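Enquirer: Residue numbers (full-length UniProt numbering), protein chains in the order written: chain A, 1 to 71; chain B, 1 to 71; chain C, 1 to 71; chain D, 1 to 71; chain E, 1 to 71; chain F, 1 to 71.
Do not take every clue at face value.
If several chains are the same, the list does not tell them apart, and a pair holds so long as it fits within one copy or across any two.
Stated by the list, open to error - List of simulated lysine-lysine pairs, PhoX-like, C-alpha gap at most 25 Å:
1. 70 - 38
2. 38 - 68
3. 38 - 61
Read the hints as simulated data drawn from the structure, not as lab findings. Quantities reported herein were computed from a predicted structural model and do not represent experimental measurements.
Protein chains: 6
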Amino acid sequence: MATDTESGLPSFRQVQGLIQDDTEVEIKVTTNDLLVGKLHWQDQQCLCLIDHYDQPTIIWKQSIVFLKPKP
Amino acid sequence: MATDTESGLPSFRQVQGLIQDDTEVEIKVTTNDLLVGKLHWQDQQCLCLIDHYDQPTIIWKQSIVFLKPKP
Amino acid sequence: MATDTESGLPSFRQVQGLIQDDTEVEIKVTTNDLLVGKLHWQDQQCLCLIDHYDQPTIIWKQSIVFLKPKP
Amino acid sequence: MATDTESGLPSFRQVQGLIQDDTEVEIKVTTNDLLVGKLHWQDQQCLCLIDHYDQPTIIWKQSIVFLKPKP
Amino acid sequence: MATDTESGLPSFRQVQGLIQDDTEVEIKVTTNDLLVGKLHWQDQQCLCLIDHYDQPTIIWKQSIVFLKPKP
Amino acid sequence: MATDTESGLPSFRQVQGLIQDDTEVEIKVTTNDLLVGKLHWQDQQCLCLIDHYDQPTIIWKQSIVFLKPKP
Numbered sequence: 001m002a003t004d005t006e007s008g009l010p011s012f013r014q015v016q017g018l019i020q021d022d023t024e025v026e027i028k029v030t031t032n033d034l035l036v037g038k039l040h041w042q043d044q045q046c047l048c049l050i051d052h053y054d055q056p057t058i059i060w061k062q063s064i065v066f067l068k069p070k071p
Numbered sequence: 001m002a003t004d005t006e007s008g009l010p011s012f013r014q015v016q017g018l019i020q021d022d023t024e025v026e027i028k029v030t031t032n033d034l035l036v037g038k039l040h041w042q043d044q045q046c047l048c049l050i051d052h053y054d055q056p057t058i059i060w061k062q063s064i065v066f067l068k069p070k071p
Numbered sequence: 001m002a003t004d005t006e007s008g009l010p011s012f013r014q015v016q017g018l019i020q021d022d023t024e025v026e027i028k029v030t031t032n033d034l035l036v037g038k039l040h041w042q043d044q045q046c047l048c049l050i051d052h053y054d055q056p057t058i059i060w061k062q063s064i065v066f067l068k069p070k071p
Numbered sequence: 001m002a003t004d005t006e007s008g009l010p011s012f013r014q015v016q017g018l019i020q021d022d023t024e025v026e027i028k029v030t031t032n033d034l035l036v037g038k039l040h041w042q043d044q045q046c047l048c049l050i051d052h053y054d055q056p057t058i059i060w061k062q063s064i065v066f067l068k069p070k071p
Numbered sequence: 001m002a003t004d005t006e007s008g009l010p011s012f013r014q015v016q017g018l019i020q021d022d023t024e025v026e027i028k029v030t031t032n033d034l035l036v037g038k039l040h041w042q043d044q045q046c047l048c049l050i051d052h053y054d055q056p057t058i059i060w061k062q063s064i065v066f067l068k069p070k071p
Numbered sequence: 001m002a003t004d005t006e007s008g009l010p011s012f013r014q015v016q017g018l019i020q021d022d023t024e025v026e027i028k029v030t031t032n033d034l035l036v037g038k039l040h041w042q043d044q045q046c047l048c049l050i051d052h053y054d055q056p057t058i059i060w061k062q063s064i065v066f067l068k069p070k071p
């Protein structure tokens, strides 16, 4: 299984909170795309985002620039 | 052989599921190309995608931004 | 929990100082966006920035190019 | 010497096969250049490509987006 | 504290020399910005540059492409 | 000191050969700049290039896409 090191970080737990609260988020990635949806799950490597059509997108964390709750 | 750490991650197993189900996927990479095809195999470093002409492309995971089942 | 290695670095402590002093900063990221606000928290992986509307943005450190106190 | 971890990966061995079979390949890198030629050698960090004028190019693996046999 | 591995490298010591000699440098980063100033300190993760207005900029080493003494 | 792992790689030794032979090289970096000159030294993190005006440029290896002897 995955390293505990990373899953114990505050940022990992913040994202976990956004998953549990079903918060709509915006994620900016290195290609400059802004992805919008609700977070479904995360692990050390990826985040899964569900868009408005209920389609899942697996985002590699290595490509994330920033993430924020949709205002 | 490869580290078990990574192959035990949920995201690794999700991709494994897409391989087994022969799902058509779209993969966005850092150069902004959108690659389309079916996943053939993966390891810790790469994914192999088979396109419509049955040609294989070895994609380095380090360059993946996101991956989603084709709607 | 996180590695002590990184949190013991001078740069980590400098950012910690900017958090405590409530300093307004500019952060340039790889997508060329310039994000402005006050730092709220950091860990080994992310920084949290609060903008003028009190909205939080979680920035992945991997995407930071530079950071400076707003002149 | 290099870590066995990486050289034991299927993707490493696939590239090794392309070297042995003298296959012509296309390599897309992060700068969006598409490099064409035959693979001469690889290690954990680099690939060596020989172009049509028999000139070698050492490609850092960190910059590879994808690689495919020339159709 | 930080790993000795990196601070023992020749390149780390070269940068240390530029700090001590108060050399004016140009730093090209991944966003293509060319930052100019004098180096103030470095650690394994960051470099601090002081510009002509005595303003500090903390540069993440991960974003550095090259660095040269100003001719 | 630095890890032996990397300095034992064939690619590291190839670059070492180019240094000893005073070969003129072209280095393409992630910002798309093509740097030309002779290699002066390398370590695990950086390469030093001397241009036609005898000016040194310290290039971070993380930003290298490819390197080739000038034809």
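Enquirer: With reference to the structure, classify each hint as holding or not holding.
Expert: Hints, one by one, checked against the model:
Within a single copy, residue 70 and residue 38 get their C-alpha atoms as close as 10 Å, and across copies as close as 19 Å, so both meet the 25 Å cut-off. Both within a single protomer and between protomers do residue 38 and residue 68 lie at most 25 Å apart by alpha-carbon distance, with minima of 11 Å and 15 Å respectively. Taking the shortest Cα distances, residue 38 and residue 61 sit within 25 Å of each other both inside one copy (16 Å) and across copies (22 Å).
Checked against the numbered hints given earlier, the structure satisfies every one of them.
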